[in-house]
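Trainee: Here is how the chains run, residue by residue.
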Amino acid sequence: MLAGIRTQDLRKVYTSPPPLAAGGGFGGRRSKQPAREILALDGLSLDVRAGEIFGLLGPNGAGKSTTVGILTTRVRPTSGKVWIGDYDVWAQQVEVKRLIGVVAQRPNLDFSLTAREILLFHGAYFGIDSRTRSARATELLERFKLSDRGHQLVRGFSGGMMQRLSIARAMMHDPQVLFLDEPSAGLDPQTRLLLWEIIREYNQSGKTILLTTHNMEEADALCQRLAIIDHGRDIALGTPAELKASVPGGFLLRLRFGAHSPEIFDRLKTLSGVREVRVLAPTDGEHGADVYADRGGSLVSEIASLAAATSAELSDLQISEPSLENLFLHHTGRSLRE
Amino acid sequence: MNWKTFFALLARDAHVARRNVIAIMLQTFLQPMMFVFIFGRVMVSSGYMPPTYKSLLLPGIMAISMIFTGVWAVAMPLIGEFQFTREIEDRLLAPIENDWLAIEKVFFGAAQAVVAGLVVIPAAWLLLRPGVELNLPSPLTFAGITLLVALMSACGGLALGCSIDQTKIGLMFSMVLTPMIFFGCTYYPWSALANFPILQKIVLVNPLVYASEGLRGTLVPQFPHLPVIAVFAALLIFDTFFLVFGLRQFRRKAVT
Numbered sequence: 001m002l003a004g005i006r007t008q009d010l011r012k013v014y015t016s017p018p019p020l021a022a023g024g025g026f027g028g029r030r031s032k033q034p035a036r037e038i039l040a041l042d043g044l045s046l047d048v049r050a051g052e053i054f055g056l057l058g059p060n061g062a063g064k065s066t067t068v069g070i071l072t073t074r075v076r077p078t079s080g081k082v083w084i085g086d087y088d089v090w091a092q093q094v095e096v097k098r099l100i101g102v103v104a105q106r107p108n109l110d111f112s113l114t115a116r117e118i119l120l121f122h123g124a125y126f127g128i129d130s131r132t133r134s135a136r137a138t139e140l141l142e143r144f145k146l147s148d149r150g151h152q153l154v155r156g157f158s159g160g161m162m163q164r165l166s167i168a169r170a171m172m173h174d175p176q177v178l179f180l181d182e183p184s185a186g187l188d189p190q191t192r193l194l195l196w197e198i199i200r201e202y203n204q205s206g207k208t209i210l211l212t213t214h215n216m217e218e219a220d221a222l223c224q225r226l227a228i229i230d231h232g233r234d235i236a237l238g239t240p241a242e243l244k245a246s247v248p249g250g251f252l253l254r255l256r257f258g259a260h261s262p263e264i265f266d267r268l269k270t271l272s273g274v275r276e277v278r279v280l281a282p283t284d285g286e287h288g289a290d291v292y293a294d295r296g297g298s299l300v301s302e303i304a305s306l307a308a309a310t311s312a313e314l315s316d317l318q319i320s321e322p323s324l325e326n327l328f329l330h331h332t333g334r335s336l337r338e
Numbered sequence: 339m340n341w342k343t344f345f346a347l348l349a350r351d352a353h354v355a356r357r358n359v360i361a362i363m364l365q366t367f368l369q370p371m372m373f374v375f376i377f378g379r380v381m382v383s384s385g386y387m388p389p390t391y392k393s394l395l396l397p398g399i400m401a402i403s404m405i406f407t408g409v410w411a412v413a414m415p416l417i418g419e420f421q422f423t424r425e426i427e428d429r430l431l432a433p434i435e436n437d438w439l440a441i442e443k444v445f446f447g448a449a450q451a452v453v454a455g456l457v458v459i460p461a462a463w464l465l466l467r468p469g470v471e472l473n474l475p476s477p478l479t480f481a482g483i484t485l486l487v488a489l490m491s492a493c494g495g496l497a498l499g500c501s502i503d504q505t506k507i508g509l510m511f512s513m514v515l516t517p518m519i520f521f522g523c524t525y526y527p528w529s530a531l532a533n534f535p536i537l538q539k540i541v542l543v544n545p546l547v548y549a550s551e552g553l554r555g556t557l558v559p560q561f562p563h564l565p566v567i568a569v570f571a572a573l574l575i576f577d578t579f580f581l582v583f584g585l586r587q588f589r590r591k592a593v594t
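As you go down the protein sequences, you meet chains L and H in turn.
Residue numbers for the first sequence follow this note's numbering, so the first one is 1 and each next one is one higher.
Residue numbers for the second sequence follow this note's numbering, so the first one is 339 and each next one is one higher.
Just to be clear, a hint being listed does not mean it is correct.
[As the list claims (entries may be wrong)] Using 20 Å as the maximum straight-line C-alpha spacing, the simulated EDC-like pairs for lysine to aspartate or glutamate come out as follows:
id	chain 1	residue 1	chain 2	residue 2
1	L	145	L	201
2	H	342	L	174
3	L	81	L	9
4	L	269	L	313
5	L	81	L	129
6	H	342	L	95
7	L	244	L	201
8	H	342	L	129
[As the list claims (entries may be wrong)] Rough simulated footprint, nothing fancy, chain H against chain L, three-plus residues with beta-carbon under 8 Å:
id	stretch
9	73-86
10	208-218
11	313-320
Hints listed in this document are in silico derivations from the structure and should not be mistaken for laboratory results.
C-beta: ideal position from N, C-alpha, C; glycine also.
Bound conformation, chain L alone (with noise of 0.2 Å):
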């Protein structure tokens, strides 16, 4: 069976902190503490179709490990509603569970048990004989280069190896849709490019993924449609080469003045291939521009030339070439990095 994730309306407002990530919790309510309310998703809706790879995009505190949370059972949320399949997953969380495989942002590992017992148990708790579980387990310990750390006790693992067994592990029951919440963070580059391959590959038997991240590498490489969030809302979706090409121009250039007419902002407009110029609000008296352009760095002597023809000083000039990242910027007016 085809699965695919759909959510609508879908409200979640803490009011004990939030999980530190995808699903975590720090359990007991701290009654001491005046219950703060933490508005974590406000009205996300989102379609993703069976068989595609996914990707939540957003900055940290955008409420992507809340979104997964969610879908997994693993956060109630404060209203909306979220299927996963033709299941409302609040409803019929079982059934639910059946068709999924997760990976927490931070693993979450049995550490009373070695690796291969793991994935064995894993297999047992979703009804897997033992020697299809056996012979799974065995083929993903080689999948993900743990076969010769099987028996031991995974307290000793290193971040990475947990992070890798973990993903194993959401694979031991071979689930439909498959969710990876920050699945590459603590991940050296060449494992990283291990876990695309077996990610892309996983998505070829027809299985649906959906992966969050805050890398816009990973989002562009790996995912065919993406949802760029942001304050627990969607402010963009579609592919990577869509939603680059939304930005206006594609390359971002950005300005920082010193001692400045304003003059300046109207005149950058007038030079061929800017499609935009956004006023910064200044700070620490230095005033800057977001120029959007379809062009990069043949624009810098035009703007140098302008900012002398106005007795601007120009203090700092930074140039992207079309990315995620300025897609970011020029909805939020922050970057994905701060």
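Please build the complex by placing chain H on the supplied structure of chain L, with the hints as guidance.
Mentor: For chain H alone, coordinates are given in the frame of chain L:
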């Protein structure tokens, strides 16, 4: 209800328990056995305690061992697994209602408590003999009491384990478990508190009282004890209360 998953969860707990069997044995039996040796053997043989004390002590020791085992077996793993590492997450994602995971923990804890209780009898008897006079007028009543005590300990463990933070485990021992033992009619029958009428009433809120008195009433009925029927009723009430409260706390911890 998904029995395959339920049994797999049980198998996982059994596997982990088997790995830690020596530590679990020491935790469960070392302290009660030392107590049995000092009070039942040293004090009696030196004449500070009457020889009949041996028989009076045994059910109390059995009650302590069972309650401790059950509470420990359920509460300690839960406290750890719900902490920062969220080790329990994997099992919360298993295809079964979350409540069944809690019930599995209770089932497993209760089974451990029964084993602990049944091991204490021969172990204490070996340490204390001769002079232990165990009567077992109604094995069925004894079995019923033992089961209810085991369930109470495991349900209590669920309630405690889902209500207490890792940083407060020490407090749990000094504020909850230690007073429970001393005011739990374990080393003396409830009737011995007759000279302290207020205290005698207050200790009735202590579930351990019913465990000790119930086991005393069915193992060594020659000593004064609370009516067995009252003990049954009280144990049932405590079992239900701890289970309902424990499940509620568990749900709060399980889903953010």
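Trainee: Hints first: check each against the structure and report whether it holds.
Mentor: Outcome of the hint check:
no.: 1; hint: L:145 / L:201; verdict: 16 Å, holds
no.: 2; hint: H:342 / L:174; verdict: 18 Å, holds
no.: 3; hint: L:81 / L:9; verdict: 7 Å, holds
no.: 4; hint: L:269 / L:313; verdict: 18 Å, holds
no.: 5; hint: L:81 / L:129; verdict: 34 Å, violated
no.: 6; hint: H:342 / L:95; verdict: 15 Å, holds
no.: 7; hint: L:244 / L:201; verdict: 25 Å, violated
no.: 8; hint: H:342 / L:129; verdict: 10 Å, holds
no.: 9; hint: 73-86; verdict: holds (count 4)
no.: 10; hint: 208-218; verdict: violated (count 0)
no.: 11; hint: 313-320; verdict: violated (count 0)
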